[in-house]
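Protein chains: 2
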Amino acid sequence: MGAPVDRTRVRRLPELQVDDPAVLHDILDAGTIGHVSIVHDGQPYAIPVAYGRSGSSVLFHGSTGSRLFRLLAQGAPCCFTVTLLDGLVLARSAFETSMHYRSVMVLGSCAVVDDKLPALAAISEHIVPGRWAVVRPPSRKELAATLVLALSLAEVSVKVSAGPPGTSPEDAGFDVWTGVVPFRVERGEPIECEEE
Amino acid sequence: MGAPVDRTRVRRLPELQVDDPAVLHDILDAGTIGHVSIVHDGQPYAIPVAYGRSGSSVLFHGSTGSRLFRLLAQGAPCCFTVTLLDGLVLARSAFETSMHYRSVMVLGSCAVVDDKLPALAAISEHIVPGRWAVVRPPSRKELAATLVLALSLAEVSVKVSAGPPGTSPEDAGFDVWTGVVPFRVERGEPIECEEE
Numbered sequence: 001m002g003a004p005v006d007r008t009r010v011r012r013l014p015e016l017q018v019d020d021p022a023v024l025h026d027i028l029d030a031g032t033i034g035h036v037s038i039v040h041d042g043q044p045y046a047i048p049v050a051y052g053r054s055g056s057s058v059l060f061h062g063s064t065g066s067r068l069f070r071l072l073a074q075g076a077p078c079c080f081t082v083t084l085l086d087g088l089v090l091a092r093s094a095f096e097t098s099m100h101y102r103s104v105m106v107l108g109s110c111a112v113v114d115d116k117l118p119a120l121a122a123i124s125e126h127i128v129p130g131r132w133a134v135v136r137p138p139s140r141k142e143l144a145a146t147l148v149l150a151l152s153l154a155e156v157s158v159k160v161s162a163g164p165p166g167t168s169p170e171d172a173g174f175d176v177w178t179g180v181v182p183f184r185v186e187r188g189e190p191i192e193c194e195e196e
Numbered sequence: 001m002g003a004p005v006d007r008t009r010v011r012r013l014p015e016l017q018v019d020d021p022a023v024l025h026d027i028l029d030a031g032t033i034g035h036v037s038i039v040h041d042g043q044p045y046a047i048p049v050a051y052g053r054s055g056s057s058v059l060f061h062g063s064t065g066s067r068l069f070r071l072l073a074q075g076a077p078c079c080f081t082v083t084l085l086d087g088l089v090l091a092r093s094a095f096e097t098s099m100h101y102r103s104v105m106v107l108g109s110c111a112v113v114d115d116k117l118p119a120l121a122a123i124s125e126h127i128v129p130g131r132w133a134v135v136r137p138p139s140r141k142e143l144a145a146t147l148v149l150a151l152s153l154a155e156v157s158v159k160v161s162a163g164p165p166g167t168s169p170e171d172a173g174f175d176v177w178t179g180v181v182p183f184r185v186e187r188g189e190p191i192e193c194e195e196e
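Protein chains in written order, with full-length UniProt numbering: chain L, 1 to 196; chain F, 1 to 196.
For the record, the hints were derived by calculation from the structure and aren't laboratory data. Incorrect hints may have been included.
Just so you know, same-sequence chains aren't split out, so a pair can sit in one copy or run between any two.
Below, simulated DMTMM-like cross-link-like pairs (lysine to aspartate or glutamate); rule was C-alpha separation at most 20 Å, straight line [what the hints assert, rightly or not]: (1) 116 - 142; (2) 141 - 171; (3) 141 - 115; (4) 141 - 29; (5) 141 - 96; (6) 141 - 170.
Could you build all of it, start to finish, from the sequences and the hints given here?
Put into structure tokens, the structure is as follows:
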């Protein structure tokens with residue numbers, strides 16, 4: 001994560017840009033899904049994916065039957081975005097009303113991961129720690145149907161919005177509550193299900 | 001929301017595709033942020049945005065100073081994705097481990113909304129119902145700095161994954177708990193803040 005290059009320099013609200021790799025890693029480690037976007041026939045597509053992190057790469061997987069994953073595997077330019085919504089920032093004006101969030105945008109091209117098992121284990125451990133050791137590992141056929149991709153964190157933009165509500169002199173006379181409504185993703189009690 | 005055209009037909013796991021506009025509207029109404037993606041110099045970018053819905057369009061806004069929003073305003077092809085993560089589906093195999101989610105992907109080009117106030121009110125009401133009536137409305141200068149965009153829901157793909165864990169004959173012998181860990185986004189107690 002070097003100095004931001006032109007494509008990842010934050011132009012809007014540049015004071016929200018963060019250059020600390022520890023913050024980048026914390027955001028990625030705290031998220032569960034990201035959105036990977038790719039261009040096909042001039043049209044962008046952004047699809048949700050589970051992911052993991054291994055050092056300075058993010059890892060995700062998809063089916064060999066997926067057109068978009070095949071394009072990713074061919075090295076097409078992509079963008080991987082993780083956004084954590086931390087709260088609503090209620091200001092006295094509509095204009096200053098905003099959100100607390102942490103976001104990561106990674107630009108680049110994916111590399112195909114040949115050594116699939118450790119990468120799939122990393123994705124699994126990211127989402128449900130400890131689960132990989134107890135489930136049936138992928139069969140040879142299942143592995144063959146799975147594309148595993150790695151995207152380097154070389155070109156990234158990290159933004160953190162965590163400040164108080166903004167105000168302006170025009171807000172005088174609008175005596176309205178201001179503050180933050182925190183958002184939190186809760187994992188509820190596990191629900192046992194009959195298998196399909 | 002007619003029959004899916006080629007670009008929005010779900011090829012992978014087509015049984016998850018939903019054609020009911022009520023489901024589309026419910027997902028959009030339940031979400032808080034989406035990701036809008038756009039192509040610039042062959043590179044896709046996906047950025048988080050707050051949004052609202054007005055009938056059969058989604059609405060979002062950005063700064064006139066944003067390069068990506070200016071491209072959107074010029075009618076560049078875009079993709080707007082909302083993903084609600086409802087739970088983790090823990091199967092007996094790594095391969096069948098999955099997630100419960102509801103997702104909407106809208107393809108198209110944005111139209112610039114000239115009548116900005118009702119659209120901004122719709123976005124505000126979507127996120128914090130009742131707030132628009134009590135905050136200071138945008139000034140003429142603030143409105144001039146804001147691009148408001150509408151994206152028709154004409155070309156959409158809706159997927160809902162809500163089934164039980166899958167299993168296969170190879171799972172015999174893996175006597176591991178299976179079920180769903182539900183995810184829920186909680187809005188916490190509001191925190192009063194000093195203004196900036």
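Please name the hints from earlier in the document that this structure breaks, with their numbers sorted from lowest to highest. 4
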